[in-house]
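Protein sequences appear in the order of chains A and B. Read in order, the letters of the first sequence are residues 1 to 148 in the numbering used here. Read in order, the letters of the second sequence are residues 1 to 382 in the numbering used here.
Hints may contain errors.
To be verified - Taking lysine-lysine and the DSBU-like style, the derived pairs with C-alpha atoms no more than 35 Å apart in a straight line are:
(1) B:Lys-20 x A:Lys-72
(2) B:Lys-223 x B:Lys-35
(3) B:Lys-164 x A:Lys-72
Claimed, not checked - Covered stretches of chain A (in silico footprint by chain B; criterion: 3 or more residues with CB under 8 Å from a CB of chain B, positions within the stretch not fixed):
(4) 27–37
(5) 64–75
(6) 84–92
(7) 123–134
Stated by the list, open to error - Not the full set, but computed from the structure, chain A residues with beta-carbon under 8 Å of chain B:
(8) Arg-9
(9) Gln-45
(10) Ile-97
(11) Arg-98
(12) Leu-100
(13) Pro-102
None of these hints come from the bench; they were simulated from the model. Idealized CB from N, CA, C, for every residue including glycine.
Listed below are the residues making up each chain.
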Amino acid sequence: MTGQRIPVREGLLSQALDDLSGVTLIGSRCRNCGETALGASTLCQNCGGDELAVIPLAKEGTLWTYTVVRHKPPGDYRGPDPFVPYGLGLVELPEGIRVLSPLSCDVETLAIGQKLVFKPTILAGDKGDELVSFEFVPAEQREAPHER
Amino acid sequence: MSDDVVIIGTGIHPFGRFEKSYEDIGADAARAALKDAGVEWRQIQTAYLSRMYLPATSGPRVLRRLGGTDIPIMDIEAACASGGAALRQAMLAIKSGEVDLALVLGVEKMPRGFMDPAMIYSPWQIKMGMSLNPSYWSMRARRHMYEYGTTELQLAQVAYKNHKNSVHNPNAMYRREFSLEEIINSPLVCDPIRRLEICAPNDGAAALVLASRRMAERIGGNKPITIAACSHSIARYSADFRCPADSMSSTAANPGPTEVTSGEAYRRAGLGPKDIDCFEVQDTDAFCEIEIYEDIGLCPRGEGGRLVAEGRTEIGGEMPVNMSGGLISKGEPVGASHLGQVYELVSQLRGRSGLRQVEGAKVGLGHVLGAGGNCAVTILKS
Chain A
1 MTGQRIPVRE GLLSQALDDL SGVTLIGSRC RNCGETALGA STLCQNCGGD
51 ELAVIPLAKE GTLWTYTVVR HKPPGDYRGP DPFVPYGLGL VELPEGIRVL
101 SPLSCDVETL AIGQKLVFKP TILAGDKGDE LVSFEFVPAE QREAPHER
Chain B
1 MSDDVVIIGT GIHPFGRFEK SYEDIGADAA RAALKDAGVE WRQIQTAYLS
51 RMYLPATSGP RVLRRLGGTD IPIMDIEAAC ASGGAALRQA MLAIKSGEVD
101 LALVLGVEKM PRGFMDPAMI YSPWQIKMGM SLNPSYWSMR ARRHMYEYGT
151 TELQLAQVAY KNHKNSVHNP NAMYRREFSL EEIINSPLVC DPIRRLEICA
201 PNDGAAALVL ASRRMAERIG GNKPITIAAC SHSIARYSAD FRCPADSMSS
251 TAANPGPTEV TSGEAYRRAG LGPKDIDCFE VQDTDAFCEI EIYEDIGLCP
301 RGEGGRLVAE GRTEIGGEMP VNMSGGLISK GEPVGASHLG QVYELVSQLR
351 GRSGLRQVEG AKVGLGHVLG AGGNCAVTIL KS
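Let's have the full structure, built from the sequences with the hints guiding it.
Dropping the structure here:
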C-alpha cells in the first residue's frame, strides 16, 4: 500500500480501514424521534434533537429504486476510466433508512426488490492515497463469487 | 381587496444560448417589463433579482445599466424556485405598505451540459458518481413506474406535448416538434429518462413590474393581473428525494413540497385545482410533470401518466399544462424560469398567446421545484 487509506467521507464508515471485511456504514439514531440518518451527526434533521446514538447499519438491504447512469458525471468523478455505465439506487435497510449507493453488477439485471449486500471499495485518492468508498452488490453475487 | 398586489407589466429575453452578457440579457427583460407597464425605472421603489449561477450583487450589476438609483436592490437564491422566492418577497414588500411599485427580474447565464456539481454536491458525492441531477429524477420515475404502472411511452408523451407547444413560442429555445418515435429512441441519460425528455440549462431572463392595486389604478395602463397567491417552501423532513440527498427515511411520511406549497397557495387564493384554467409546471424531466399532476391535485395519485396519455393536459384539453413548451423545450435558466412561467400565464390571461392561447383563460398557476426540495407556486387571476 503506497499511501494511506482514508474514508471517502468522514463519519460514514464503521471502523479502522485496514481490514475492510468488518467495515459497515454507520448511522445516527435520534433518541427523541427515532429517525436514523446516514453517517455520524450531532443534530437530528427531523426534530432537531441533539442526543443521537451512532449505530452500525445492516449490510443486507433491498433495492427500493434505481437508475443506470449512462454518461460520465461531471467534475471529480473517481470511477473507472474509460467510463462504464453504472447502476445507482436507493437501498432500503432495516434501520428505517434508504441509502443512495452505486450498484456494482450487470445493469440489465437490476430490479426493484432485489436483495443487495454492502461492499467497501477502493477509489483512487490524491497523492497515492486509497479512498475507501462503498457500493452494494447483488446478494447472490457475493455468495457465489465465481459464477460471474 | 385593497391590499391586492397586481402585475402591471411583463418582459422577457428569449431563453436560449447567446453571445451576450447576463447584464445585457437581464437589462433587456427589465426594460421590456417597464415599457409594458408604462412605468419609468426611476419610479420603481425596490427591486429583486433571482439567480443561482451568477456572481454576488448581480442585481445592481444588471440594473445600474438602467440608470443610477438609490433603491434597495437585492439578489435572491432558492435553487430552481429562485424566481418564485423573489416574486414572493416583492409581493410582501408591497403588501406591507412600504412600497407601491416593485421590479422582479430573473436572469441566468449557464454553461452547456450538466450543471457544475460543486454548486450542489459534496466532494465525496462527486467522487462516488452521485452528482448527476437526472439520476435523482430517474430514480423517482422508476419507483413511480413500479408502484403505479406508469410507462416509458407516457413519459415520452409529456415531452412530445411540450416540444409541440413550443413551436408557437418565440421565446423558447428548441421550437421543434419531435415525433414520439424520435423521443423514445433518443439516447438514455439515466434510465428511464431520455435526452429529449429533460431540460437543458441555458441563458435567459424574465421580469415583472408589480404594483399595489391603488398604484395600478393611478397608472392606468394594462389591465392588472392579480397575484392571488405566491407561496414558497422547502421540503419537510425526508419528504422529497431530490439532489443532493444521500439517503431518505423509510419511516417518515411527510407530504412532498409540491403538495404542501400548492396546498398553501390554493388556500390563500381561495381556489382549488378545478378553478385553474391553465398551468405552467416544472418539467425538468418528463416524469416530473406527471408527478406534479398528482401533487397539485389534477388527478389521484398514480394516474398522472393516464392524464397525459388521454390528451387532457394539451392546450385544447380540459387542464392545459405547459402551453409555453415548458422547460423541456424552453431550457431552464434557473433564476429566470419561474418568472418565465408567470410571463406566459400573464400573456394567457390577457388573451395574447396566439396559437398557444387557452380559450377564455382567467386563472393560471405556475410551479417550480428543485434542489433541496425548494418549491414555489404562484396563482394569478385576471
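Results of checking the hints against the structure:
For the suggested pair B:Lys-20 and A:Lys-72, the alpha carbons sit about 29 Å apart, so the restraint of at most 35 Å is met. Proposed proximity of B:Lys-223 and B:Lys-35 is supported: the alpha carbons are some 14 Å apart, at most 35 Å. For the hint linking B:Lys-164 to A:Lys-72, the alpha-carbon distance of about 30 Å falls within 35 Å, and the restraint holds. Proximity of the segment 27–37 of chain A to chain B, defined as three or more residues with a beta carbon under 8 Å from a beta carbon of that chain, is established by the 4 residues found.
Taking a C-beta to C-beta cut-off of 8 Å, the segment 64–75 of chain A contributes 11 residues in contact with chain B, enough for the three needed, and the coverage statement holds. Chain B is given as covering the segment 84–92 of chain A, and this holds because 5 residues of the stretch bring a CB closer than 8 Å to a CB of that chain, at least three being needed. Given as covered by chain B, the segment 123–134 of chain A passes the check, having 3 residues with a CB less than 8 Å from a CB of that chain where 3 are the minimum. Using the Cβ-Cβ criterion of 8 Å, the hint placing A:Arg-9 at the interface with chain B is satisfied: the shortest such distance is roughly 4 Å.
Look at A:Gln-45: its Cβ gets to within about 6 Å of chain B, closer than 8 Å, so that hint holds up. The beta carbon of A:Ile-97 is positioned within 8 Å of a beta carbon in chain B (closest approach about 6 Å), and the interface hint is therefore held. Here the hint on A:Arg-98 is kept, as its CB sits about 5 Å from the closest CB of chain B, short of 8 Å. The restraint placing A:Leu-100 at the interface with chain B holds, with a minimum CB-CB distance near 5 Å, inside the 8 Å limit.
Evaluation of the A:Pro-102 hint against chain B yields a held restraint, the C-beta minimum of about 6 Å falling below 8 Å.
Hint violations for this structure: none, all hints satisfied.
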